[in-house]
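Model the full assembly from the supplied sequences, consistent with the hints where possible.
Read off the chains here:
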Amino acid sequence: MSDTRARSSFGFLARALGACRADRTTGSLYLAGHPGGVVHLREGAVAAVDSPGAPGTDALLLRSGRISEPDWSAVLRAGGAPNGIGGTELRLVATMAAQDGAFAIVAGTIDEYAVDPDPLEVPLPVSPGLEPDRLLAETARRLDALASLPTPVSPHRERLAAASGADPAALSTTRRAIITRADGRRCARDIAFLLGRNVFPVTVEVSRMVGDGLLTITDDVPGGTTGSLAPLRPRTRETGAAVAVTDPKPPLPRREPGASGAGDDPPRPSGWQVLPRLLNRIRAGPATGHRGDPDDTPDRKGTTRGP
Amino acid sequence: MDRDALVGELTALRRQVSGVTDTIVAGVDGLLIVADTEDRIDPEGVSALAAAHHGPAHTTAAATGQGAFRRSVVHSSGGYLAVYSVDRLALMVVLGDEGLDIGRLHHASRPAIERIGSILTQC
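If you're matching them up, the sequences are chains A and B in order.
All residue numbers for the first sequence refer to the numbering used here, where the first residue is 1 and numbers rise by one.
All residue numbers for the second sequence refer to the numbering used here, where the first residue is 1 and numbers rise by one.
Honestly, the hints are just simulated from the structure, not real lab data.
Check the hints yourself; a few may be wrong.
[Claimed, not checked] Calculated from the model, a selection of chain B residues having no Cβ within reach of chain A, i.e. all distances over 12 Å:
no., residue
1, Arg71
2, Val74
3, Glu114
[As the list claims (entries may be wrong)] Derived contacts from chain B toward chain A, CB cut-off under 10 Å, selection only:
no., residue
4, Arg3
5, Asp4
6, Ile24
7, Val25
8, Leu31
9, Ile33
10, Val34
11, Thr37
12, Ser77
13, Gly99
14, Leu100
[Stated by the list, open to error] Label-pair ranges, simulated between beta-carbon atoms:
no., chain 1, residue 1, chain 2, residue 2, range
15, B, Arg40, A, Gly65, 15 to 23 Å
16, B, Arg70, A, Leu120, 24 to 32 Å
17, B, Gln16, A, Gly65, 28 to 36 Å
C-beta: ideal position from N, C-alpha, C; glycine also.
So this is what it looks like as structure tokens:
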């Protein structure tokens with residue numbers, strides 16, 4: 001990982017958060033870059049950090065199975081805390097997600113930032129909010145911790161593959177989970193999303209595994225899957241291949257009430273109307289019925305047959 | 001048609017936008033042209049689904065007088081599937097996880113679609 005690039009991004013975030021703290025900003029701090037992100041602020045304190053580079057609180061809770069899909073849908077509808085998780089645990093997960101989001105943002109690049117004073121709704125904010133100084137201190141600690149490793153990797157750039165000869169069965173649970181998902185296309189961020197874990201610990205573990213010779217950094221040259229490579233323009237209906245779509249003409253068919261014929265037949269008796277007739281047949285005895293006659297059904301005939 | 005150029009475009013888009021996991025180019029008839037997908041994804045099946053998805057979306061756009069179909073997005077709890085029109089001849093399908101910034105993907109897709117369109121129509 002480029003430590004210089006991360007320090008530059010950290011300086012960017014520190015300046016932007018410092019200005020927001022001084023102004024006691026309530027709103028959204030947009031950080032454009034790769035992966036970039038949004039810091040949600042309430043009176044200068046950080047309520048949440050969203051970034052494509054790190055799983056948010058919802059992804060952490062859902063992927064880890066702490067809450068169910070219906071519980072999360074209920075939170076989105078009505079707000080409040082989801083069922084099945086305590087307030088302390090929820091605050092811990094939300095705080096870790098915010099710190100992880102800040103780490104993911106500064107581990108990439110920041111091109112520019114802008115503050116929108118109109119606050120966006122945050123389903124599960126950190127409450128009370130994190131002080132920007134505390135968030136920055138934790139982010140700096142994480143950058144230092146990653147940079148101090150012998151083989152630090154970027155959470156966003158380096159694609160990882162299992163080294164030849166690495167035996168997943170001999171590894172710890174966490175390492176086995178990482179190595180089985182390192183397919184040469186994924187970076188540490190992608191693996192963290194798949195596992196439902198924070199990006200920072202996954203990046204640290206990935207860096208150690210690279211150092212231990214369990215993972216290798218690939219150049220991500222994909223083989224790709226190929227179908228028909230014939231040029232599209234000359235392909236015609238005669239060849240049975242694709243032709244350009246055109247606007248549908250004539251317009252959609254118009255549906256008329258009653259056109260389907262539904263409801264033309266007289267209503268058939270059903271439910272409680274059939275029951276007395278069925279009882280009559282039963283009371284009349286077996287000689288009056290013809291088991292197996294397809295027409296001899298109470299809802300069609302509704303009458304008993306005499307001898 | 002330059003297969004390597006197509007794969008290069010798809011790979012570049014995946015690397016450019018965090019959260020993109022798979023990319024596919026298919027004809028509007030649902031036949032796969034080229035794909036950059038993980039093993040767990042069936043590119044031919046997704047191509048057919050994208051074409052099936054494109055049919056009513058295209059018809060709806062025309063029937064409501066809103067012009068040509070450009071893109072549609074399926075947003076699920078675990079991620080996204082975006083279908084883009086490429087010159088009315090083909091579809092670019094992008095799959096992403098729940099962290100995908102869909103606005104960034106739309107922005108990054110525009111130049112990629114133009115280049116893919118010109119590659120597809122080269123004889």
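Do the hints match the structure? See the list:
1. Look at B/Arg71: its CB is around 14 Å from the nearest CB on chain A, clear of 12 Å, so calling it non-interface holds up.
2. Every Cβ of chain A is farther than 12 Å from the Cβ of B/Val74; the closest lies at roughly 16 Å, confirming the non-interface assignment.
3. In this structure B/Glu114 is separated from chain A by more than 12 Å, as the shortest Cβ-Cβ distance comes to about 15 Å.
4. The closest approach between the C-beta of B/Arg3 and any C-beta of chain A is roughly 6 Å, which is under the 10 Å cut-off, so the hint is satisfied.
5. The beta carbon of B/Asp4 comes within 9 Å of a beta carbon in chain A, closer than 10 Å, and the hint placing it at the interface holds.
6. Hint status for B/Ile24 relative to chain A: holds, with the closest Cβ pair at about 8 Å, below 10 Å.
7. Because the smallest distance between the Cβ of B/Val25 and any Cβ of chain A comes to about 9 Å, under 10 Å, the interface hint for this residue holds.
8. At its closest, the beta carbon of B/Leu31 sits 6 Å from a beta carbon of chain A; the interface hint therefore holds under the 10 Å criterion.
9. Annotation: interface hint on B/Ile33 holds; nearest CB of chain A at approximately 5 Å, less than 10 Å.
10. For B/Val34, the shortest C-beta to C-beta distance to chain A is roughly 5 Å, which falls under 10 Å, so the interface hint holds.
11. The restraint placing B/Thr37 at the interface with chain A holds, with a minimum CB-CB distance near 6 Å, inside the 10 Å limit.
12. Annotation: B/Ser77 was flagged as interfacial toward chain A, and the flag holds, the nearest CB pair being 6 Å apart, inside 10 Å.
13. Among the interface hints, the one on B/Gly99 holds; its C-beta lies about 5 Å from the nearest C-beta in chain A, closer than the 10 Å criterion.
14. Hint status for B/Leu100 relative to chain A: holds, with the closest Cβ pair at about 6 Å, below 10 Å.
15. Separation of B/Arg40 from A/Gly65 is about 20 Å and conforms to the stated range, judged on CB atoms against 15 to 23 Å.
16. Checked against the hint of 24 to 32 Å, the pair B/Arg70 and A/Leu120 passes, with Cβ atoms roughly 26 Å apart.
17. Judged by the Cβ atoms, the range 28 to 36 Å given for B/Gln16 and A/Gly65 holds: they are separated by roughly 32 Å.
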